[in-house]
Amino acid sequence: MSGAAITLGLCVLAIVTGFLLGGALGVLRWLRLPGLDRVLATYVSLVRATPLLTLALVVFFLVPATTGYDMPAAFAAVISMSVNTSAFNCEIWRAGLDDFPRGQIEAARAAGMRRGLLLRRIMLPQVIRSHLAPLVNEMTVLIKNSPAISVIGIVDLTRAAVRVGADTYRPLPPLMGALLIYLIIVFALVRLQRRLDRQSAARHAP
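For the sequence shown, position 93 (counting from the first letter as 1) is numbered 279 according to the working numbering, and the numbering increases by one without interruption.
Please keep in mind that the hints were generated in silico from the structure rather than gathered at the bench.
Note that the coordinates shown come from a computational prediction; the quantities given were computed from them, not determined experimentally.
For glycine and all other residues, C-beta sits at the position ideal for the given N, C-alpha and C.
Don't take every hint at face value.
Stated by the list, open to error - Here are the simulated lysine to any residue pairs, SDA-like style, with alpha carbons at most 25 angstroms apart:
1. K330 - L214
2. K330 - I314
3. K330 - R306
4. K330 - L305
5. K330 - Y229
6. K330 - L222
7. K330 - A374
8. K330 - G302
Claimed, not checked - Simulated DEER-style distance windows between Cβ atoms:
9. R301 - V337: 36 to 44 angstroms
10. G221 - A374: 41 to 49 angstroms
11. A235 - G195: 50 to 58 angstroms
12. P311 - P250: 39 to 47 angstroms
13. P311 - L358: 23 to 31 angstroms
14. R306 - V202: 13 to 21 angstroms
15. I291 - A260: 26 to 34 angstroms
The task is simple: from the sequences and hints, build the whole structure.
Below is the structure:
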């Protein structure tokens, strides 16, 4: 349970950070700013192609080597997971903005609404509703990939289960317990997404 608490705490921090960072990157990619768009596209492609385990090692060892700052393992874990999920979130946000109905954008501009207000009041809320499923799916993927952070010394749920198995010489029961806890966490997240979908559909029903 201690390992589960660590996994859940780090994942929540990374999910919130990655969600916000990915949203900001998605908006910047949607704007297609000259010069910056290619840089962001390269960043997203590199991060998406890099395994979380490798990214965690790079963050944990590269930052102290280049800055002299002795980074705590938990901080490195949150940064690496946040960077990883932000790249995938970025593409979800960008796709949602690209697919947004042009009629609503033109109507808002005709009414004198500026781009920033258009994004905050009209576009982003609708993108969240229409793309809630892929956003939550990315959250579940991050949770399932989180055992990779044990490589930098984090005693997460999986590593705690392995330690218990090594101490008791019975590896299967603690691993099955860890599996059950992962299933509960992911199931609760999916149920929350479905509930939000139903509430959104009820509010916007004709």
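Status of each hint after checking the structure:
no. : hint                            : result
1   : K330 - L214                     : violated, 28 angstroms
2   : K330 - I314                     : holds, 22 angstroms
3   : K330 - R306                     : violated, 31 angstroms
4   : K330 - L305                     : violated, 32 angstroms
5   : K330 - Y229                     : holds, 23 angstroms
6   : K330 - L222                     : violated, 32 angstroms
7   : K330 - A374                     : holds, 14 angstroms
8   : K330 - G302                     : violated, 35 angstroms
9   : R301 - V337: 36 to 44 angstroms : holds, 42 angstroms
10  : G221 - A374: 41 to 49 angstroms : holds, 43 angstroms
11  : A235 - G195: 50 to 58 angstroms : violated, 28 angstroms
12  : P311 - P250: 39 to 47 angstroms : holds, 41 angstroms
13  : P311 - L358: 23 to 31 angstroms : violated, 47 angstroms
14  : R306 - V202: 13 to 21 angstroms : holds, 19 angstroms
15  : I291 - A260: 26 to 34 angstroms : violated, 42 angstroms
Consistency note: the structure conflicts with the earlier hints numbered 1, 3, 4, 6, 8, 11, 13, 15.
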